[in-house]
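From first to last, the protein sequence lines stand for chains U and Y. The first sequence: position 210 = 217 (my numbering), numbered continuously. The second sequence: position 70 = 101 (my numbering), numbered continuously.
Please keep in mind that the hints were generated in silico from the structure rather than gathered at the bench. Even for Gly, the Cβ is constructed at its ideal location relative to N, Cα and C.
Straight-line alpha carbon distances no greater than 16 Å define the calculated EDC-like cross-link-like pairs of lysine to aspartate or glutamate that follow:
| # | chain 1 | residue 1 | chain 2 | residue 2 |
| --- | --- | --- | --- | --- |
| 1 | U | K147 | Y | D83 |
| 2 | U | K147 | Y | D90 |
| 3 | U | K170 | Y | E290 |
| 4 | Y | K295 | Y | D242 |
| 5 | Y | K220 | Y | E208 |
| 6 | Y | K75 | U | E86 |
| 7 | Y | K220 | Y | D203 |
Computed footprint of chain U on chain Y; a stretch qualifies when at least three of its residues, placed anywhere within it, have a C-beta under 8 Å from a C-beta of chain U:
| # | segment |
| --- | --- |
| 8 | 78-84 |
| 9 | 243-256 |
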Amino acid sequence: MADSSGTDSYPSSWKKAPFIKNSFVRWLLIVGGAIYLAAALGTMNIDIERVKEGLPRAQRFLDSFFPPNFADNRGVLWEGIAESIWMAIISTVAGIALSIPVGLGAARNLAPAWVYLFCRGIIAASRTFPEIILAIFAVKLFGFGPFAGFVALALGTIGFYAKLLAEDIENSSASQAEAVKATGANWFQWVNYSIQPQVMPRMIGLSVYRLDINFRESAVVGIVGGGGIGATLNTSFSRYEFDTAAAILIIIILIVMAMEYTSSFMRKWVQ
Amino acid sequence: MPTITNNGTESWRLRTSKEQWIRWVCWLIGIAIIMYAWQMISEKTVWFFVTDAPNQAADIGARMVPPKWSYMDKLWKPVWDTINIATLGTVIAMVIAVPVAFATARNTTPNIVVRTIGLFIIVSSRSVNSLIWALILVFILGPGVLAGTIAIGLRSVGFCAKLIYESIEEIDHTQVEAIEATGASSSQKMLFGILPQVLPTIAGVGIYRWDINIRESTILGLVGAGGIGLQLNGSLNTLAWTQVSLILIVILVTVFISEWVSAKVRGAII
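From just these sequences and the hints, can you work out the full model?
Pasting the structure below:
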């Protein structure tokens, strides 16, 4: 039998440690969060009548999605898909080609300060605006069609790819770079033989991932006139051909799934 | 290709002939695809418009300055709406994503059927852009902030659930085993063994997604789903370029602030 006096020094119950230790900060966050949520929900102006009215409409709307119509009455479905795929490929290639110098410049361990700041500026500008806003301006400048979509997606790629490339270079092992530098290599040899092999596997995986993103984005740049499957999708919505729209959405999902599978396979193969 | 020659004969090379051929063929196919893709795009391009682009750019640029600062009075409400769409959308997404992630992760899924359904939810939510979700929801719910919020929510589920379920699969099993050894039920195991390990990830993913959602919610107005995109669309359609430039500046500032907040909060949590 254990000595009963010993139990005093041990707590008999246990409470989970809170996520945020300082209780004042914790309560401030909880109360502040609740007030904000209430205020935000207040501005939602959820119109119950409108939703009630919309629900049977939603039912009819969803019914008209099924069965998906792959028959492609106007002969534009596969053309749109093909255009999107070409657009995604070419914008990924062009975007990566543009990202490499920007990414090298934005790595603190490779570039002098003024190049670094300039390249980081390019990345920040490209990351801030969603592809669709870039597409609006590209359509204004280059006219309707896939070229505008290509420009928008390529510019969007820079912000994504150059940023990750720069971060990967900054994280690469400095001792290998030093070893190559010690052999008397010039700047290009140095980058090519010490940095490039270290970042290459991840970058190949990321380029497949970006191809996947560009394909998905190509489905929306069409809404503002940037060509591709998005244009077809938007037209089928405006023409109330919801069965065709459903077919397009299903094809997009299937292609994205296939790409996701390919990219994970490729990443395994490269590493 | 790097080689080492010894007295004129090759004694070492980096790759075997077969590898070398495979690489060459892959490059050939890759470049052929790229050239073909470029040809398909350029066939559909009116090159006159492209060569005219610098003039257009100069013209629009000239019309955009100076930004019409007085228009700011009408922008506070849309900015507030945009932030609300992003925040509430993220909340909706997290509420759905956490159970989906637990149902999908290999070590917590009840069975293979549930896991397949979970994966399907994740992929379909990720493949359909928020603008397309908004397009559909505006039909159902009517134009407004609500459609945008739900669109953002549905779109974010896949992203959040994917990152969370990957981190659930990577947890340290010894802790779960330790909890199990005390005789814990499976829900207690979940609550005290798994959840504390993934909680920082869940919080981090939520904040990261909130940051992305701010950016996405700025454009939902293009299809009528509320936020600052509505003003942007209106200004673009009426060719009010000085308003457009002001709206772009506002978006820029909002995104920068949200990125800063997100980085600070993530730094504090992780």
